[in-house]
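Each chain is listed here by its residues.
Number of protein chains: 2
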Amino acid sequence: MNITIDREVLLENLNIISRGLPSKSPMPILTGIKFYVTENDLFMTSSNTDISVEVTITDSSLQIVEAGSTVVPGRLFIDIIRKINSKKVNLFLSDDKILIVKADRGEYKLHIMDPLNYPKIDFVPLENPLTLHSDVLKSLIKETVFATAQTEKKPILAGVNFVNSNNELIVTATDSFRLSQKITNIREYKDFNITIPNKSLDEMLKALDVYDGDVNLYFTQNRLLAQYRNVCFQTRLLDGSYPDTSRLIPDSFPIVVKFNKDELVEAVERVSLLSPRDKERDKEIAYSIIKLSVRKDRTIEISTNNTVYGDAREEVIPTFVDASNPITIGFSSRYLLEALKSFMSTEISLNLTGEIRPFVIRGEKDVNLTQLILPVRMD
Amino acid sequence: MNITIDREVLLENLNIISRGLPSKSPMPILTGIKFYVTENDLFMTSSNTDISVEVTITDSSLQIVEAGSTVVPGRLFIDIIRKINSKKVNLFLSDDKILIVKADRGEYKLHIMDPLNYPKIDFVPLENPLTLHSDVLKSLIKETVFATAQTEKKPILAGVNFVNSNNELIVTATDSFRLSQKITNIREYKDFNITIPNKSLDEMLKALDVYDGDVNLYFTQNRLLAQYRNVCFQTRLLDGSYPDTSRLIPDSFPIVVKFNKDELVEAVERVSLLSPRDKERDKEIAYSIIKLSVRKDRTIEISTNNTVYGDAREEVIPTFVDASNPITIGFSSRYLLEALKSFMSTEISLNLTGEIRPFVIRGEKDVNLTQLILPVRMD
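Note that the protein sequences, when read in sequence, are chains H and X. Per this note's numbering, the first sequence starts with residue 1, numbered consecutively. Per this note's numbering, the second sequence starts with residue 1, numbered consecutively.
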């Protein structure tokens with residue numbers, strides 16, 4: 001193997017490859033990046049067993065002197081290419097143990113691993129894709145993934161559920177205290193019901209970061225392949241059936257209050273500085289509990305009481321109120337803030353049904369996006 | 001106590017006060033900020049016992065309705081003022097247990113502490129200052145403080161030594177493997193020899209960050225007070241006598257090599273990606289050992305050998321070489337990088353005396369700044 005390539009082209013592709021590269025692995029060879037060079041193309045592959053990534057480089061700057069394959073120490077190789085500032089990089093195998101990286105006046109001799117030991121990765125066949133624009137896919141992920149469970153108690157909740165039912169794509173995440181759901185119409189496609197691990201979606205978001213164009217999605221029973229440009233990003237899917245959440249979202253709301261989103265976010269952030277941490281629900285995450293009251297005079301108060309440090313109270317002027325009776329609900333400020341930040345709308349509405357019944361947040365301009373939060377009982 | 005003040009003025013002063021504010025303390029009252037309001041002025045004080053900071057606010061935006069004093073929970077108060085976006089803030093004591101912070105439509109009731117329990121802080125009397133411009137003081141700190149010892153083995157080496165001898169200010173730091181020294185001429189001032197803790201200098205740098213003007217320094221046996229604008233920043237000094245380093249710096253060098261600083265930094269950063277970590281010297285810090293060779297043909301090679309990952313080699317073209325014989329020295333790349341970054345010069349010189357003798361780095365435009373590094377034996 002002996003190739004020369006523009007450093008920037010190589011680095012850009014390594015940034016995508018890094019999304020599937022573990023820093024440690026029970027299979028040490030997976031900490032390496034596999035290079036496979038044919039007469040015309042360079043393939044690079046990474047895998048942490050959950051996620052596998054492959055890029056195919058046919059860039060005009062790629063000069064192939066000799067085909068071949070190898071596995072290089074992944075993080076180290078990426079660090080070197082990142083720190084180099086030459087225009088071109090030359091990579092060649094001096095023997096079956098050393099890859100030489102040459103760039104300007106620098107020369108790096110890296111101990112390599114045997115490509116025959118790299119596990120064969122089965123990518124889903126490229127047949128019958130569901131095509132979504134990268135903007136749509138990125139939005140779907142950002143609007144939901146934060147609401148997945150971070151613990152291992154119910155493994156299926158650590159993923160986002162994607163259901164196609166008659167060309168209506170319903171994307172849902174819940175950790176059983178809150179729920180995010182976005183519904184989008186898609187082109188004619190067979191029904192499916194899959195759950196994608198949250199970590200895979202985080203990495204997919206990073207891999208798609210600067211990409212703007214169509215993404216082709218291919219499914220099997222237990223794998224999803226996202227293919228775009230020269231990239232194949234594959235993730236395993238979660239086993240098990242996702243809980244039915246269709247009846248959780250109320251469809252009528254006796255109380256509706258609308259706010260300027262930024263004003264509400266800022267008031268909640270300030271009040272939550274003093275909110276006590278409720279550690280009983282879940283020891284791994286600190287929940288900051290605050291109260292929201294719709295008062296008789298139709299003003300809105302956000303408040304918290306902290307026996308150690310003191311109390312906080314903010315009045316927020318709503319842009320619209322429809323409430324026959326005053327009401328006070330208590331909930332995690334972190335849940336509300338994360339939900340609010342998923343909206344692009346300037347104006348959002350809180351839709352309430354009762355003091356200990358789930359409430360729903362919607363945005364004027366965010367069609368079919370629902371954020372639901374379960375209040376806590378305030379005593 | 002009842003005052004109103006522009007939020008920005010208050011926040012700017014709190015940022016300085018925060019330099020002396022511990023997040024935890026064996027004396028819980030020290031986690032608070034002391035407010036002392038007279039008829040005309042607001043004084044705020046913080047102290048972590050090593051560092052004490054006091055600011056005096058007489059800003060035109062300060063309206064004093066009622067004098068008084070209190071101690072507020074420090075970090076929390078700063079966080080609230082930071083998050084508020086009103087123009088004005090009103091602070092008043094509702095009784096002897098609650099401070100009310102009012103800003104626009106927000107109200108915060110903070111549990112306060114008894115100012116009578118706040119320890120009395122003796123500031124050094126403001127007599128007979130040594131005046132340095134903030135730029136000079138900040139440079140002196142940045143050029144030396146990184147070379148102080150980070151461990152507690154020899155406590156005196158965890159500080160920077162400031163010696164005035166006949167109006168020549170000699171500032172020295174060493175962890176016994178390297179040494180930084182800067183000599184500056186100062187105005188007529190009595191001789192002194194003090195050692196300032198590195199952590200205090202780090203905080204002083206941050207306190208001085210945006211300040212541009214004269215700083216007055218006042219000394220006692222065991223304290224230093226830096227006074228500027230409306231700020232008093234005081235630190236304890238280290239006990240004990242600083243080792244005599246005057247004979248450590250060689251005064252003639254058989255080998256001199258000059259480099260473009262940035263080129264050398266980049267080559268060293270790349271090579272050190274592969275440098276093995278020498279953990280025997282000091283378990284707390286990983287030393288990356290690299291080699292620098294002046295070769296027969298007067299080219300310079302930076303290299304390292306790593307039995308696990310491989311070898312790295314960079315050739316750097318010097319701007320000047322004066323060497324009768326080839327030489328190879330080995331040293332910590334971190335020491336060299338930190339030393340190089342202390343220079344503002346574009347061109348720097350490495351001045352060598354022998355393979356295991358200290359070498360000295362100087363910069364064309366950095367008058368009287370010496371960085372010295374002790375090589376390690378290469379086997």
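In short, the hints are calculated from the structure, not lab data. Hints are not guaranteed to be accurate.
For identical chains, the list gives no copy identity; a pair is met inside one copy or between any two copies.
To be verified - Only pairs whose alpha carbons sit at most 27 Å apart, straight line, appear in this in silico DSSO-like list of lysine-lysine:
(1) Lys83 / Lys153
(2) Lys190 / Lys291
(3) Lys199 / Lys102
(4) Lys109 / Lys199
(5) Lys153 / Lys24
(6) Lys341 / Lys261
(7) Lys142 / Lys296
(8) Lys190 / Lys138
(9) Lys190 / Lys88
(10) Lys261 / Lys83
(11) Lys83 / Lys291
Taking 27 Å as the upper bound on the Cα-Cα distance, should Lys153 and Lys24 be classified as within, between, both, or neither? For Lys153 and Lys24, the Cα distance is within 27 Å only inside one copy (24 Å; across copies 34 Å).
When Cα atoms must be at most 27 Å apart, do Lys199 and Lys102 count as within-copy, between-copy, both, or neither? Neither way: Lys199 and Lys102 sit 35 Å apart in one copy and 42 Å across, limit 27 Å.
Can you tell me if Lys109 and Lys199 fall within 27 Å by alpha carbon in one copy, between copies, both or neither? neither (34 Å within a copy, 41 Å between copies)
As a check of your reading, is Lys83 near Lys291 (CA-CA no more than 27 Å) within one copy, between copies, both or neither? Only across copies: Lys83 and Lys291 sit 19 Å apart there, 50 Å inside one copy, limit 27 Å.
Lys261 and Lys83: within-copy, between-copy, both or neither at 27 Å Cα: between (42 Å within a copy, 16 Å between copies)
Using 27 Å as the alpha-carbon threshold, which applies to Lys190 and Lys138: within, between, both, or neither? For Lys190 and Lys138, only the intra-copy Cα distance (22 Å) is at most 27 Å; the inter-copy one is 67 Å.
For Lys83 and Lys153, with the copy left unspecified, which applies at a CA distance of at most 27 Å: within, between, both, or neither? Intra 42 Å, inter 36 Å, cutoff 27 Å: neither.
Cα distance capped at 27 Å. Does Lys142 pair with Lys296 within a copy, between copies, both, or neither? neither (37 Å within a copy, 60 Å between copies)
When no copy is specified for Lys341 and Lys261, does a C-alpha distance of 27 Å or less occur within a copy, between copies, both, or neither? within (9 Å within a copy, 45 Å between copies)
For Lys190 and Lys291, with the copy left unspecified, which applies at a CA distance of at most 27 Å: within, between, both, or neither? Neither way: Lys190 and Lys291 sit 45 Å apart in one copy and 63 Å across, limit 27 Å.
For Lys190 vs Lys88, is the C-alpha pair at or below 27 Å within one copy, between two copies, both, or neither? neither (46 Å within a copy, 60 Å between copies)
Checked against the numbered hints given earlier, the structure breaks hints 1, 2, 3, 4, 7 and 9 and satisfies all the rest.
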